[in-house]
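For chain X, the structure is supplied; the task is to place chain P on it using the hints.
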Amino acid sequence: MSLAVEVHNLTKRYGNIIAVDNISFTVNRGEIFGFLGPNGAGKTTTIRLLTGQTKPTSGKVIVADYDVNREPVKAKERAGVVPEVSNLYDEMSAWDNLIFAAQLYSVPKNERDIRAKELLELFGLHERRRDRVGNFSRGMKRRLTIAAALIHKPAIIFLDEPTTGLDVQSARMIRNLVKELNESGVTIFLTTHYIEEADQLCQRVAIINKGKIVAVDNPEKLKAAIEAHHTIEISFSPAQDLNDKLRSLKRVSGVSRVGDKFRIHVEDASEVVPLLVDFARENSLKVISINTLKPSLEDAFVKITGLSPEVMASEKEPIKREKSGNVG
Amino acid sequence: MLVRALMNSIIKAVYIAKKDARVYFFKWPNITFGLFLPAIIYLAFSVGRPTEISSTIPGLAAMASLFGAGAIQSVALPLERATGTFDRLLTAPISLTTIIVGKALGGFFFGMVLSIAYSLIVIPLSGATLTSPVLFAFGIMLSSFVFSALGVCISAPFRDIPEAMPPATLFRVSMVFLGGVLIPVATMPNFLQLIAYMLPLTYAVDMLQQAMTGQIAAQLFLVDTVALVVFSFFFFVAAVWILKRTLH
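Line order of the protein sequences matches chains X and P.
So the first sequence is residues 1 to 328, counted in the working numbering.
So the second sequence is residues 1 to 248, counted in the working numbering.
Please note that the accuracy of each hint is not assured.
[Said to hold, decoys possible] Straight-line Cα separation of at most 20 Å, EDC-like style, residue types lysine to aspartate or glutamate; simulated pairs: (1) Lys27(P) <-> Asp90(X); (2) Lys244(P) <-> Asp67(X); (3) Lys250(X) <-> Glu282(X); (4) Lys244(P) <-> Glu282(X); (5) Lys18(P) <-> Asp90(X); (6) Lys27(P) <-> Glu91(X); (7) Lys27(P) <-> Asp96(X); (8) Lys27(P) <-> Asp131(X); (9) Lys18(P) <-> Asp96(X); (10) Lys18(P) <-> Glu91(X); (11) Lys18(P) <-> Glu183(X).
These aren't lab readings, by the way, just hints derived from the structure by calculation.
Note that the structure is predicted; figures quoted are calculated from it, not measured.
For reference, chain X alone in the conformation it holds in the complex:
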């Protein structure tokens, strides 16, 4: 299978800080590749390196067969970039922003209007084409930023945290757009700190933590790798704090409380379920529900990185512009 992106031993240092630490991976043409990691793991720095916005300390990036450092113009001609924060001109209209993007990407003059109209219609913004972008909602800006990145029909599109800070409806719309784009043949490189988003959208996922890639595989394979560890979800009546008591049971490796349920991490569920029934009887508790859970991508992520899911779930600070040189 031919490759859309090749990354070889890529490192980026800012003074003493290593933002990206000797990472290597490939993205196949036509796939949705997820770059998953907590805030500050190095996702944005990686995307800046891949799109030629910053130079690596060492290593090589090839996008659509062109070395980003040696032939940046050719590599950039084949890529579209959607940053985490809209980088459209607020003072200009939606239409003028798209035309300016078309001019920068050498879209022929007679095609610019047609392409801008097509994209505005596709993204549901045609009615607002004459409005200043500064008056748009965050979701509309994000859609228009994606439209601007597609104006020159790129072979690959880089999306940095495309749904961060969006309401549920806008986020769903963006995810559907990403799927549709991919179905039309565009390769998608997507960074996210939403594990579920990566699970839903991506054919392959790289997990990055502290600048290093700790795993690259299909979400299902990552889950399968930790299938030896089972989780039992159980709820009791009356509800009470039972964490310590449950943790003291034989063959239980960990307990966490999620709402009115307890998640009990075990080696073998079949051995522990009878123990839990006995536990309920001895403590005069009624078992309301009991389920064995298949490992989720979140479980795989926790197992691989040692980070808590809460670290991933935490939103970024109300979107601040990331200045060049910041670790992202």
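Showing chain P alone in chain X's frame:
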């Protein structure tokens, strides 16, 4: 192939300049520092002084070009870096040099229009005679170009307007006092004359002075021209170098 690539770069630089003109020309800091400041400085130092007004017109034209061409750079570049719109240019298939040329073209145009506008107002009002309008226009054009390049160079390290404006304004105002706009360079103490000849404004004022009076010394005019071209080149190279360092 090379010519085609060069033409493509120039066309894209013009697109950037046109976009900058639409977005930034009417931003308040640009109007305050570009449009009003030269007029205020000129009036403050000219009104009530025994100097003949016609001898101050070249200084006003050069100052309008200096502030006009430079002010937009102190707005556009840092603001684009703060809002992230500069990244839109960085991810586009264009070189950093093309981006800088585009940015400089916007300032060049604003400085030139402003300088010509001031001259067209003040010359008829003062009853002065412009002896060589073509050379005067050439001087304004060259001055606007060098001051625009200087503007990009000064604002290149900054990532926000409040950071960029004070040093840029301080530098330009100091240059006004030392560059022969208000006080003729020849009347300055020797060490100040030495500094004056290290400033592009000195050559711009001298060139415009010659065009205004018609007392053109070919060699001096050539020296002014060469100095302004060399300054432009130096500021461009420095701007690219500074931006590269702060970006990567």
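Does the alpha-carbon distance linking Lys27(P) and Asp131(X) stay inside the 20 Å limit?
Measuring from Cα to Cα gives roughly 19 Å; hence the hint holds.
Agreement of Lys18(P) and Asp90(X) with the hint, judged by alpha carbon distance not exceeding 20 Å
holds (16 Å)
Is the hinted pair Lys250(X) and Glu282(X) satisfied, with a Cα-Cα distance of at most 20 Å?
The given pair, whose Cα atoms are some 15 Å apart, holds under the 20 Å limit.
Does Lys18(P) pair with Glu91(X) here, judged by a C-alpha cut-off of 20 Å?
holds (14 Å)
For the pair we were handed, Lys18(P) and Asp96(X), check the Cα-Cα distance against 20 Å.
The hint holds at about 12 Å.
Restraint status (C-alpha distance of Lys244(P) to Glu282(X) at most 20 Å)
Since the Cα atoms of Lys244(P) and Glu282(X) sit roughly 71 Å apart, the hinted pair is violated (cutoff 20 Å).
Given the hinted pair Lys244(P) and Asp67(X), is their Cα-Cα distance within 20 Å?
holds (19 Å)
Regarding the pair Lys27(P) and Asp90(X), is the alpha-carbon distance no greater than 20 Å?
holds (13 Å)
Mind checking the alpha carbons of Lys18(P) and Glu183(X) for me, to see if they're no more than 20 Å apart?
violated (37 Å)
Going straight from one Cα to the other, do Lys27(P) and Glu91(X) come out at no more than 20 Å?
holds (10 Å)
Against the 20 Å threshold, does the CA-CA distance of Lys27(P) and Asp96(X) hold or violate the hint?
Answer holds: Lys27(P) to Asp96(X) is near 18 Å, not above 20 Å.
Violated hints, listed in ascending order, are 4, 11; each of the other numbered hints is respected by the structure.
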